[in-house]
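A.B. asks: This is what each chain is made of:
Protein chains: 4
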Amino acid sequence: MIPRYSRPAMAAIWEPANKFRIWFLIEAHACDALADLGVIPKEAAAAVWEAGDKPYTAERIARIDAIEAEVKHDVIAFLTELADHVGEPARFVHQGMTSSDVLDTCLAVQLTQAADLLLEDLDAVLAALKRRALEHRMTVCMGRSHGIHAEPVTMGLKFASFHAEFERARDRLLAARADVATCAISGAVGTFANIDPAVEVHVAKQLGLTPEPVSTQIIPRDRHAQFFAVLGVIASSVERLATEVRHLQRTEVREAEEYFAPGQKGSSAMPHKRNPVLTENLTGLARIVRGYVVPAMENVALWHERDISHSSVERMIGPDATVTLDFALARLAGVVDKLVVHGETIRANLERMGGLVFSQRVLLALTQAGVSREDAYRLVQRNAMKVWDGEGDLLSLLKTDAEVTAALDDATLTGLFDLAHHTRHVDTIFKRVFGAAV
Amino acid sequence: MIPRYSRPAMAAIWEPANKFRIWFLIEAHACDALADLGVIPKEAAAAVWEAGDKPYTAERIARIDAIEAEVKHDVIAFLTELADHVGEPARFVHQGMTSSDVLDTCLAVQLTQAADLLLEDLDAVLAALKRRALEHRMTVCMGRSHGIHAEPVTMGLKFASFHAEFERARDRLLAARADVATCAISGAVGTFANIDPAVEVHVAKQLGLTPEPVSTQIIPRDRHAQFFAVLGVIASSVERLATEVRHLQRTEVREAEEYFAPGQKGSSAMPHKRNPVLTENLTGLARIVRGYVVPAMENVALWHERDISHSSVERMIGPDATVTLDFALARLAGVVDKLVVHGETIRANLERMGGLVFSQRVLLALTQAGVSREDAYRLVQRNAMKVWDGEGDLLSLLKTDAEVTAALDDATLTGLFDLAHHTRHVDTIFKRVFGAAV
Amino acid sequence: MIPRYSRPAMAAIWEPANKFRIWFLIEAHACDALADLGVIPKEAAAAVWEAGDKPYTAERIARIDAIEAEVKHDVIAFLTELADHVGEPARFVHQGMTSSDVLDTCLAVQLTQAADLLLEDLDAVLAALKRRALEHRMTVCMGRSHGIHAEPVTMGLKFASFHAEFERARDRLLAARADVATCAISGAVGTFANIDPAVEVHVAKQLGLTPEPVSTQIIPRDRHAQFFAVLGVIASSVERLATEVRHLQRTEVREAEEYFAPGQKGSSAMPHKRNPVLTENLTGLARIVRGYVVPAMENVALWHERDISHSSVERMIGPDATVTLDFALARLAGVVDKLVVHGETIRANLERMGGLVFSQRVLLALTQAGVSREDAYRLVQRNAMKVWDGEGDLLSLLKTDAEVTAALDDATLTGLFDLAHHTRHVDTIFKRVFGAAV
Amino acid sequence: MIPRYSRPAMAAIWEPANKFRIWFLIEAHACDALADLGVIPKEAAAAVWEAGDKPYTAERIARIDAIEAEVKHDVIAFLTELADHVGEPARFVHQGMTSSDVLDTCLAVQLTQAADLLLEDLDAVLAALKRRALEHRMTVCMGRSHGIHAEPVTMGLKFASFHAEFERARDRLLAARADVATCAISGAVGTFANIDPAVEVHVAKQLGLTPEPVSTQIIPRDRHAQFFAVLGVIASSVERLATEVRHLQRTEVREAEEYFAPGQKGSSAMPHKRNPVLTENLTGLARIVRGYVVPAMENVALWHERDISHSSVERMIGPDATVTLDFALARLAGVVDKLVVHGETIRANLERMGGLVFSQRVLLALTQAGVSREDAYRLVQRNAMKVWDGEGDLLSLLKTDAEVTAALDDATLTGLFDLAHHTRHVDTIFKRVFGAAV
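Residue numbers (numbering that gives the first Met the number 0), protein chains in the order written: chain A, 0 to 437; chain B, 0 to 437; chain C, 0 to 437; chain D, 0 to 437.
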């Protein structure tokens, strides 16, 4: 997480002010439940809310840090500072709880906050993709496999394909959000030895979480591993879209380009450059987010009821993964939204390969006309290879190949070289992706 | 995937006989749909089933391999061999389809077959965990955080914790199975240019898959990335359970042991050894399965409508990840099922630390009695540190500490040192995990 | 490691016949040293060599496997089978040694054997790169940054860049080979309690290894982690070269192509296709080899003097990583060797962008002529952007820009558009890479 | 890189003030070389040094940031700010260079600075390990394989083993430092088209780097991949040592403990706790550093002469990996230095298992006395298993086993149970690690 790749709302989730605020809410809600159970005085719970329900200012945070430097324990430092405000009833705070009750439940809240921002980001990406898909539904362009011209598709289909992928991303993130949205207020080893399970139920409800079925001082880390794994998968989808744009912007292809602002400089040395730097950047950010997946998985196998080795990992990848992916998704939405599509180059590229892209249709027509598949393949390939070698366009060559014309007459051959044939089912696919309405 | 860590049923999924059989089913079902559409003769479809609906023997596979060595294309080799059996109507097979329609749909079938075996494996792990959890529901043992004695738990709670974790594993795998269970019969770039979408719908239905909303010659690889990521998370849960057993079997702990068969040798050099080799092995296998996660994610960003770089990765990690995890889960179920629990050592370890594990309860009692939290902590800690240094047991020391006895009398202190206090909520937790019935 | 991506010599290193042969050599050399020390009879050592110095046939291997199935310990099984041949003196074999003395020293031998094959592979890649570099030393082609035309380079420089990179790969592999080439014959916890250090020194020397300074039953795994990390870096270099070829073969670029054999089929559906399938395959194989790096690193932190969790990892990644990289390097050498370079397309691409590639040189000439850098940038960029938009070639546009011509006259401008300017230092670079001789 | 896990000197390397200072030095040294070549006036080079050779204050950095926000190009922003100070001769700065000449050479300097700090850190770890190794050279303690008691070692041997490992770490880091210590001043695509190679040679020499043989606008990223891979291996060695301490501090083992400061609190809930939190923390930090390895490897395969996808990765992992490892190594040195070793517990643990640890020596003595290896194993194992089951100590049991006493008399048996036997070669090992002097 570096400022260059951070957006304020996501970064704020990981700042001390938010963290301590969540800690306070956990403790205060727990006090309410404890008071209801008669474990602590109702007045104590009320005093906690009254004195403590206020923001954590820079001054308060500095005070907590100072205490922590001395006692070397963050939750104790937090509680000590809170006691300054609450006074005598503070001794009822944190009754029967252990630090991890606060830390892990807080992390659950932070991750759900982060997930909510990421879901908004995905919605923005989806909205941009849908708009561009509908805009270019019938913009016929070359489809490529292996980087080699294959058969025509449409720009709209490209956008639709990514839309479907990011809808899956959304579904996965929603599931991952649910996976981490649990609350543990279960004490030192999760037995509720010194705290009633009702406290956990109350705090969970207040914070929009569900109670963790079995915690062991901590919430089990398979939940977090799954969460960060899903971020890694989403980042990989970001990379796929970024890679598509980078390819389309290559000088020789140039079917689309990232928006290039007036006054922007592409290169300090070469004034002619317009580089796809945003999508190259996204490619790198995807690598970073993926890099956090395995450490999160290594965090699962903690020792016995818990060890704390996961903590340093999460202090880093919690912010880093969510902030970086948030930035990447926001950038991606902008790239899609403002992508410049070059219709003329698209058409020029389509026509560039001398009709090679119709080779399969000729193959099929030959087999329908009674030629064996093997012979048909041979006939089409031998003419196609001549096109690659610059000896003419495919249709003309086929018309002069006696073995071909023995099976298909001129008019039939000409009829096969028809772009419209390839877009007949675009609406079917759009309905699958966007529903019947579009 | 090496024989040492393979089980036959899972390995068979990845063998040529199964692969070619699935290919045949895809082609034959597609012929039915094509015949219904009038694209090919009904007799042709019937001929395909009649001549081709039989196992792929070693002989047939060798023939396909021989053809592939020549044409350097696996699907063409497959179709050529099929044509030997089907004869003339074979030219109607694969009409309008592309190789990936077969390959990707086949992979979907193989991954769902693999997922089904893994789900069975998880069920076996869950059954063993449940049985052992109920058996040891009230076997009180030491809970440890940071490897240090904390407070008592029960062996049953340990098993219950893993049961809850492997239920999550099951849910995640079910979702991941659905993610990869799609069918694509959409042609060279996914436009259905030469094949009606109805064929895809028919084949999908026959094979228990859903049609891929947008394929681009291939099924998008974010689906597979998610699948392998989930296997990585499950492997990490395997590692957690394996690590727990390894710790419990340590010479100094020895609360549980892997079953050691009569006649087994633990070490070629040291005849006295009984090592937790199964769970050490599982720890290593978890690393291996995790190692496949990032390559699967790197497979997502293919170029344009597809490139084939994912293929070599999947040829290796498809079998390797599923076979290894299948072996690991089966081994794990056995370890849990046969785990030897040493009740006496468990009790001895509980009593070993001079009552230190009751420190929190004393702390809370002091605060309830009006001592400030900070003072209470100080009082308990100073006596606890003496216990660490071998100067006596905690209860005796507390009874001689005037500041403590000023707040709590002897009987009260004695009453705090009660194991039963720690197991009051075991049933609550068991109900969360296993439901009301247990 | 699957047959499709295996070559016989590397695969043989990991087969039982080679493994057991190395085990025998370790035991037999150890017997010699033990006999020299007077620990065992000289006749016993002689008997071991006489009866045991022969290949491990399939029959012998099956016998060992059968014993292992019973005793569940591979080294004991091996020793038992050896005893069948050696007879009574067999009881002197393995005196004071532990299984890991055999296993770890064997792995060291296998990894050095593998490294030697990989070094040969690298030499073949280097030879092909050097030949093509010299062949195309002055084949001027477009250099591209960000996928966008930048300034001219030569095809020879591309090859030279990879040559320098693979020379670094060779250096790293040599260092990594030395890192794993150690021998441990130090007993159950590495103290030489029951075996003299002189045995280790003797065996190490006979096998071309160095004695491990401190072993702890096992050779420390940081050595192996470093080895597999280096394989991952080399695989990444393979991917860079593969990616270059894939880009050059794109339909729109088509400056080079993988060799396409007569009779080869690019696509079952589209007879016109010639796809860069070898380099796409290499891209995937690189992902696989990288996937083994982190598991190898996770193997380092074993418990106390050793645990065996590394073993299952190494049984898989030992063969998989070396076999896959061996296959990849051999394939890569072939791709480079037979790469088809399309001179005409290269020249056409160079001329395609209307002289944009000379923009920096104009910029520098303007600053040399007294224009500020900022103004010069602005002047060149505004003309370059017109070229992008299809409004003419850069030289013509500059000649009509009054601000430009105020600083540079027509002849000077024309002189700047000179390809030879960009190749003046090619020889300097070639000398750095290939030495003075070329 | 978060403040919690950062040390100032390493963090400063990555701060703008250091980065811009290096950029200035590169540009100013390049001006000297350009002036020597007569490309720019000597006065211009002198003016650059005179006006620019001063620190980058917060004010200057803010000014650069403001310019960058406008022109969206960091090097141009830097040059523009520099021009403010240098005035008219500033137009001669950066002549013929491209941004990457500055950025990549700067990164090389930063990584060598970072490597130098890490080498110092390693020296501190090595010094602590050596001191403790010599201190505990003959502190006999239990050696454990698989977490199970094996045979005696000494605490000194443990430290010596880590010393040897961190010496390898040092060697690897030195080699990795050399790998990244190259300078590229070669222009837009590395052809020196607009700048003489002599400039690169001069700047390299001034900055302690070597010229990059072939750069392609950028320095090839296999160098950086190797560097970060080595950091990952070192982090794994940190984890091994951390894991050893965590195991030794387990309540049941308690042979050593992290230093626990007076006033420190181990747990907010359980006042008795003294947890190995530093080494648990190091375990987590190791995961983090390893997580950066694969992204660094993914950075290698850039497109053609370069793309910029590596940049965002390096902006994050450059600081994060070096700062985190620096912090970890410093913490590790402290842990080793202050580790509390509990001699009494060590001795108690040694005696705990009823002499089982001498089982191998009895086995060997039996074979020396003419018993077959298989019989000897059986005899020892059947007595050892009784010890595990609490039926007595090994020596007493052996003395009552007729088959044993038939081969070995009482005195011989007693003589085998001798700890000194296991430490005879400690000096040999120490000489291998620390040289003849110790």
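Since the hints were made in silico from the structure, they are not lab data. Some hints could be false.
Stated by the list, open to error - DMTMM-like cross-link-like pairs, simulated, lysine to aspartate or glutamate; straight-line CA separation at most 25 Å:
hint	chain 1	residue 1	chain 2	residue 2
1	C	53	D	73
2	D	41	D	195
3	D	41	C	374
4	C	337	C	166
5	A	337	D	73
6	B	53	B	64
7	B	264	D	64
8	C	264	A	69
9	A	385	C	392
10	A	430	B	195
11	B	264	D	426
12	D	430	D	73
13	D	264	A	373
14	D	430	C	195
15	C	204	D	417
16	D	53	C	373
17	B	337	C	67
18	B	337	C	373
19	C	385	D	195
20	D	337	B	388
21	D	337	A	373
22	D	385	B	256
23	D	264	A	336
24	A	71	B	195
25	B	385	A	87
26	B	264	C	256
27	C	264	A	67
28	A	264	C	67
29	B	337	D	374
30	B	430	B	350
31	C	53	C	14
32	B	264	C	69
33	A	71	D	69
34	A	264	D	390
35	B	264	D	350
36	C	264	B	64
Please read all numbers here as calculations on a predicted model, not as lab measurements.
A.B. asks: Would you mind marking each hint as holding or not holding in the structure?
C.D. replies: Verification of the hints:
no., hint, verdict
1, C:53 x D:73, "violated, 68 Å"
2, D:41 x D:195, "holds, 16 Å"
3, D:41 x C:374, "holds, 23 Å"
4, C:337 x C:166, "holds, 21 Å"
5, A:337 x D:73, "holds, 23 Å"
6, B:53 x B:64, "holds, 18 Å"
7, B:264 x D:64, "violated, 68 Å"
8, C:264 x A:69, "violated, 73 Å"
9, A:385 x C:392, "violated, 32 Å"
10, A:430 x B:195, "holds, 15 Å"
11, B:264 x D:426, "violated, 32 Å"
12, D:430 x D:73, "violated, 54 Å"
13, D:264 x A:373, "violated, 79 Å"
14, D:430 x C:195, "holds, 15 Å"
15, C:204 x D:417, "violated, 32 Å"
16, D:53 x C:373, "holds, 24 Å"
17, B:337 x C:67, "holds, 22 Å"
18, B:337 x C:373, "violated, 78 Å"
19, C:385 x D:195, "violated, 31 Å"
20, D:337 x B:388, "holds, 18 Å"
21, D:337 x A:373, "violated, 78 Å"
22, D:385 x B:256, "holds, 16 Å"
23, D:264 x A:336, "violated, 54 Å"
24, A:71 x B:195, "violated, 68 Å"
25, B:385 x A:87, "violated, 30 Å"
26, B:264 x C:256, "violated, 58 Å"
27, C:264 x A:67, "violated, 69 Å"
28, A:264 x C:67, "violated, 69 Å"
29, B:337 x D:374, "violated, 29 Å"
30, B:430 x B:350, "violated, 29 Å"
31, C:53 x C:14, "holds, 16 Å"
32, B:264 x C:69, "holds, 10 Å"
33, A:71 x D:69, "violated, 45 Å"
34, A:264 x D:390, "violated, 83 Å"
35, B:264 x D:350, "holds, 23 Å"
36, C:264 x B:64, "holds, 16 Å"
Violation of the numbered hints given earlier is confined to hints 1, 7, 8, 9, 11, 12, 13, 15, 18, 19, 21, 23, 24, 25, 26, 27, 28, 29, 30, 33, 34; the remaining hints are satisfied by the structure.
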